[in-house]
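A.B. asks: Sequence:
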Amino acid sequence: MASSNNSLGNGPPMFNGENYHIWEIKMKSYLKALNLWDAVENGADPPPLGPNPTLNQIKNFEEASVRKPKALTCLHSSVTDVIFTRIMAYETPKEVWINLRRSLKGVIGKVLLDLKQTTLELQQNKANQQQLAQDQFLDPIVIKVDNQSAILIAKNPVQHGRTKHIQVKYHAIRQAEKDGEISLVHCSSNDQLADILTKSLGKAKFEELREKIGVIKKLIKEEC
Numbered sequence: 001m002a003s004s005n006n007s008l009g010n011g012p013p014m015f016n017g018e019n020y021h022i023w024e025i026k027m028k029s030y031l032k033a034l035n036l037w038d039a040v041e042n043g044a045d046p047p048p049l050g051p052n053p054t055l056n057q058i059k060n061f062e063e064a065s066v067r068k069p070k071a072l073t074c075l076h077s078s079v080t081d082v083i084f085t086r087i088m089a090y091e092t093p094k095e096v097w098i099n100l101r102r103s104l105k106g107v108i109g110k111v112l113l114d115l116k117q118t119t120l121e122l123q124q125n126k127a128n129q130q131q132l133a134q135d136q137f138l139d140p141i142v143i144k145v146d147n148q149s150a151i152l153i154a155k156n157p158v159q160h161g162r163t164k165h166i167q168v169k170y171h172a173i174r175q176a177e178k179d180g181e182i183s184l185v186h187c188s189s190n191d192q193l194a195d196i197l198t199k200s201l202g203k204a205k206f207e208e209l210r211e212k213i214g215v216i217k218k219l220i221k222e223e224c
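Mapped onto this note's numbering, the consecutive letters of the sequence shown carry residue numbers 1 to 224.
Hints are computed from structural coordinates only; laboratory data are not their basis. Don't be surprised by glycine CBs; every beta carbon is placed ideally from N, CA and C. Careful: at least some of the hints might be erroneous.
Unchecked claim - Below, simulated SDA-like cross-link-like pairs (lysine to any residue); rule was C-alpha separation at most 20 Å, straight line:
1. Lys199 / Ser183
2. Lys94 / Ala176
3. Lys70 / Glu24
Claimed, not checked - Across the chosen pairs, the derived CB separations fall in these ranges:
4. Gln124 / Thr73: 31 to 41 Å
5. Gln175 / Gln124: 18 to 28 Å
6. Gly11 / Ala64: 18 to 28 Å
Modelling step: build the complete structure from the supplied sequences, incorporating the hints.
C.D. replies: Below, the structure written as C-alpha cells:
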C-alpha cells in the first residue's frame with residue numbers, strides 16, 4: 001500500500017503490491033517535484049555537447065545525464081524486494097514504469113473481471129432460484145377427496161349462501177383452489193390411499209395400498 005506520510009525529505013512513496021493506482025499518482029508527483037518525471041516519461045538521453053561548450057552548457061548536460069539514473073534509483077527504492085525482482089532486469093526508468101503499469105494494472109483488471117464474473121454468476125444463481133421457487137408454485141397441489149359433496153361445495157360459490165353452517169375449512173379450501181394453490185380431484189373410497197393410515201384394513205387391502213404408495217415389505221432373515 002502506498003504510504004500517505006512520505007515526503008521529499010524521507011524518500012519516495014513505498015509500494016508493496018497493493019493499491020497501485022494510488023501509488024502511481026504519488027510517485028509521479030514525487031518525480032515531478034525532483035524534476036525527474038521527464039526522464040521517466042520520455043526516456044531520452046540529452047543531446048551531446050557541441051564543440052567548445054560553455055560552462056553553463058556543461059553543467060546542464062551533466063544534470064540532464066544523471067536524471068535517468070536518479071529516476072531509476074527512485075523507482076528501485078520505492079518498491080519492496082518482491083516487486084523489485086520483477087523490474088530489476090530493466091535498465092531505464094521508462095522501461096520500469098511501463099512494465100510496472102502493464103503487469104500490475106493487468107492484475108487489477110483481472111481481479112475486476114473476476115469480480116464482475118462472480119457478480120454475474122451470483123445474479124444468475126439468484127434468478128434461477130427465484131424461477132425454481134416460482135415453478136414450484138405454478139402447478140397446484142393435487143388433493144384426492146372421496147367426498148363428492150365437499151368438492152362441489154369447495155368449487156361452487158353459488159352454494160355458499162346455503163352452506164354457512166358448513167365448517168369454515170371448506171370455504172378456505174375453495175379459496176385455495178381458486179387461487180391455483182390446490183386442485184381437488186375426486187377418487188373413490190376404494191382408491192383412497194390415506195385409508196392405510198387412518199383405517200383398520202384387511203391384509204389384501206393393506207398390501208394393495210402399501211404397494212400404491214411405494215412402500216415395500218422388508219423381509220427380516222431370522223438368525224439360526
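A.B. asks: The structure should be examined with respect to each hint, and the outcome stated for every one.
C.D. replies: Going down the list of hints, with the structure as the test:
Between Lys199 and Ser183 the alpha-carbon distance is near 25 Å, which puts this suggested pair outside the 20 Å criterion. As the CA atoms of Lys94 and Ala176 are separated by approximately 75 Å, the hinted pair breaks the 20 Å bound. As the CA atoms of Lys70 and Glu24 are separated by approximately 17 Å, the hinted pair is consistent with the 20 Å bound. The given range of 31 to 41 Å is broken by Gln124 and Thr73, whose C-beta atoms sit roughly 50 Å from each other.
The hint said 18 to 28 Å for the Cβ distance between Gln175 and Gln124, and at roughly 36 Å that hint is violated. In this structure, Gly11 and Ala64 meet the distance hint of 18 to 28 Å, their C-beta atoms being roughly 23 Å apart.
Hint compliance for this structure: hints 1, 2, 4, 5 are not met, and every other hint is.
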